[in-house]
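K.L.:
So the sequence lines, in the order shown, correspond to chains A and B.
Every number in my numbering is 342 more than the matching position in the first sequence, counting from 1.
Every number in my numbering is 342 more than the matching position in the second sequence, counting from 1.
Worth flagging that the hints you see were computed from the coordinates, not collected in a lab.
Check each hint, because a few of them may be wrong.
Since the list can't tell identical chains apart, any single copy or any two copies may satisfy a pair.
Pairs of lysine to any residue residues, derived as SDA-like cross-links and limited to a Cα-Cα distance of at most 20 Å, are as follows [unchecked claim]:
| hint | residue 1 | residue 2 |
| --- | --- | --- |
| 1 | Lys550 | Pro793 |
| 2 | Lys398 | Pro387 |
| 3 | Lys491 | Cys772 |
| 4 | Lys738 | Gln424 |
| 5 | Lys811 | Pro793 |
| 6 | Lys370 | Glu721 |
| 7 | Lys427 | Leu448 |
| 8 | Lys491 | Thr377 |
| 9 | Lys491 | His442 |
| 10 | Lys661 | Cys777 |
| 11 | Lys370 | Glu516 |
| 12 | Lys647 | Asp718 |
| 13 | Lys380 | Leu448 |
| 14 | Lys593 | Gly372 |
| 15 | Lys811 | Cys772 |
| 16 | Lys425 | Gly579 |
| 17 | Lys661 | Glu406 |
| 18 | Lys666 | Val715 |
| 19 | Lys380 | Asn468 |
| 20 | Lys398 | Glu410 |
| 21 | Lys370 | Asp475 |
| 22 | Lys425 | Pro793 |
None of these values were measured; they are calculated from a predicted model.
2 protein chains.
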Amino acid sequence: MAKDKKMVEAITSMDEDFAQWYTDVVIKAGLTGYTSVKGCMVIKPAGFAIWENIQKELDRRFKETGVENVSMPLFIPESLLQKEKDHVEGFAPEVAWVTHGGLEPLQERLCVRPTSETLFCDFYANEIQSYRDLPRNYNQWCSVVRWEKTTRPFLRSREFLWQEGHTAHATAEESQERTELMLHVYADFVEEELAIPVVRGRKTDKEKFAGAEATYTIEALMHDGKALQSGTSHNFGDGFARAFNIQYTDKNNELQYVHQTSWGLSTRIIGAIIMVHGDNNGLVLPPRIAPTQIMIIPIRQQEEKVQEKVEEIRSRLAKDFSVKVDMSDKTPGWKFSEQEMKGIPVRIEIGPKDIDANQCVVVRRDNGEKITVSLDEVEKRLGEILEQEQNDMFAKAKAHLEAHITDCTDYEDFKNTVETKPGFVRAMWCGDLDCEMKIKEDTGATSRCIPFKQEHLSDTCVCCGKKAKSLVYWGRAY
Amino acid sequence: MAKDKKMVEAITSMDEDFAQWYTDVVIKAGLTGYTSVKGCMVIKPAGFAIWENIQKELDRRFKETGVENVSMPLFIPESLLQKEKDHVEGFAPEVAWVTHGGLEPLQERLCVRPTSETLFCDFYANEIQSYRDLPRNYNQWCSVVRWEKTTRPFLRSREFLWQEGHTAHATAEESQERTELMLHVYADFVEEELAIPVVRGRKTDKEKFAGAEATYTIEALMHDGKALQSGTSHNFGDGFARAFNIQYTDKNNELQYVHQTSWGLSTRIIGAIIMVHGDNNGLVLPPRIAPTQIMIIPIRQQEEKVQEKVEEIRSRLAKDFSVKVDMSDKTPGWKFSEQEMKGIPVRIEIGPKDIDANQCVVVRRDNGEKITVSLDEVEKRLGEILEQEQNDMFAKAKAHLEAHITDCTDYEDFKNTVETKPGFVRAMWCGDLDCEMKIKEDTGATSRCIPFKQEHLSDTCVCCGKKAKSLVYWGRAY
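With the hints as extra help, turn the sequences into a complete structure.
P.N.:
Right, dumping it as structure tokens:
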């Protein structure tokens, strides 16, 4: 693969220091930039274009299921935040408070939304009267604020971008259906578009969302063997509806509480893309989500023949792909390094000799494979190569995931595995909070999820030896 | 035109009480909804879908000029806001202050961005070193907060959605060019997509943006004859660059300050759409921006023949248009009223008799025209009808604008015109702040802009009689 000393040297090897490698990639690939606003992020064009592609495709998938977009206020009055007990307990310690508007103190302080359940409930309580007003499948794309102590770009920041869906339904069955539907929308999106395999399941009560009856999650495994919660979907039952008095008149003219859900996916997923696919040359973007899919790098670009052919190929490819040409005055080797650092899925190398032979060389970013392609069929072959790359990236990530799942039935083995082998540990659990707490204390691993696909590894809880209730994925996590 | 007593009665006539008519339309067309967060907005699906269409088309036009999207923090540390003197003076009285993060008071309070010049400057100061780093043409779609005392949906609210572009250039010429370019992007977009004619010009020093060298504006005229500032573009020169020390090394290896611009368009423009095109039956949306362009309303929808034909027509039209069918159990008359209230550009009425005659009836929202269309050419004819409606709406608004511009060369005449004839008054001005202040005090009219297209109405200032410098559009405004 192309090397350029100066650029490659600037990145820490992921095997030496994964955290530093991550920071280096984020900066060198131009995803985030400097800000003096502590704990907050500047997302630069290369990073934001990834988020735009995520938004576009996820929004399309939402709308296919009947979701509509809305915009809710940024602020939540303190009294509103306090209406649902578990919810306020979960969020109050980490919200930012607005106390002054203009030159005057506010009569009631407002928090900057950490999530918008209370705002949607306040709205739905006024909006929903009859069964005819249901369901409501609303979503918003916005930013939220949580006052984190330690922050890292994309993974944890005081403000982050996300979408939050908030739905209201006539029955408990419908809200359960919507909760699971959206989890699968997330899972399919992340697997198909981002080439990241996920484990789908339910959170334990300890790990569920503040105020939810049940939280479902997709869990991905990063290259370093740590888990990343990548999207969650919550069923609230009628808990919020009772706290906010959201009632409707049913067909028999009787008052009923609505049943609600919420679900969110954030810019955190960009952290997952980096940590699942990246390598020591930088970012590696899956073709389906890459803002630029093809970078054409001319050799001897000063020659008119090269310029003409490059422009011809660019314009042919631009019909089906997102393609750019690097005509800067850098050396080809430097351009190769930059294209690799930015994670652009393929580059096309083309010079006078290639043109004479009516061909170009396509280099895949994920595995460095060089493919000689006839210029007659450049559109068709690029389509095939990018599709193959997308599939191979998913297969590679899936193989990595599967190679990093260990089943344990014995607690010593469990502790030793968490300590020595990065990845998920699958083990049976009795369902008691005490065991969950003990495992976390002993190993640093938390319950990631109770997977939908249950298996029976043993009769007893890996921790306490009592009768086992469920198979659980455990792991250290971001 | 279709009437339905109950719905029509619910709207105040625009001639009786324009302000109440506006509020009624906003609510009855489902654009905004209830919130207990004072001065803030809930934008419901029908309203947000308009904004999504605005975003999509405007973003496309931005990107054609080389603009890239980014995301900047929501918060501005107080010390950062204070770096540019005019800017802080303009905005400090109306910002919301965050003083606590989680349970602890902040060391330095943060304001919620009222606009992001200071954040972009802070970023550019670190990002830009060489002439190779220029220009930077960045934009973000976000919400901003200004602590307004009196608020109205879309027109003035404490939080509103907008885009803000912030660019940095090597030379004063380039920043002037970009400032004007973006103003024309706004003007063309508003005229071509929203069918709203605008006056393009420069703001007086009194009316310009806090910290700008020059502010350019597009001014639209509402149905009631009041002006609405609909988009602005600012040239900062090197003022902010000096305050924030944003310097680059030029080709001669000398340090230079960058030159900057910013430009914004907000959800306020939705207020303009309502107030330019709306009528006593509700909202009227220009076809190019309408989330639903065609509503099919079946007559005798219980008949299988009708259902089949309606579905056939819907699926044929769905290839080129955004089309819906109203199959609810309401009467056709009720459905007509609803379609009119929501401003859907055309409805198609189709029943058994129409089907037998191989035709349907298309009713235009803007003028009530009924057009019989053969089912054989429904796609082609609908395309023509919608295009004609778009053009006619623009022509009608332009005629209204032109009929509400009065030229005055005498101050008594000027005062009388502002008082008795709604609209713009064109008059010559000496350029002195005193005259501008006096005119505002005497009449309530402010200088809307110094139009690009200058004319010579008289030799002297309409107010003081001194030598005139420029032609100015004056008017009462939202």
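K.L.:
Going through the numbered hints above, which ones does this structure break? Give me the numbers in ascending order.
P.N.:
Those not satisfied are hints 3, 4, 6, 7, 10, 11, 14, 22.
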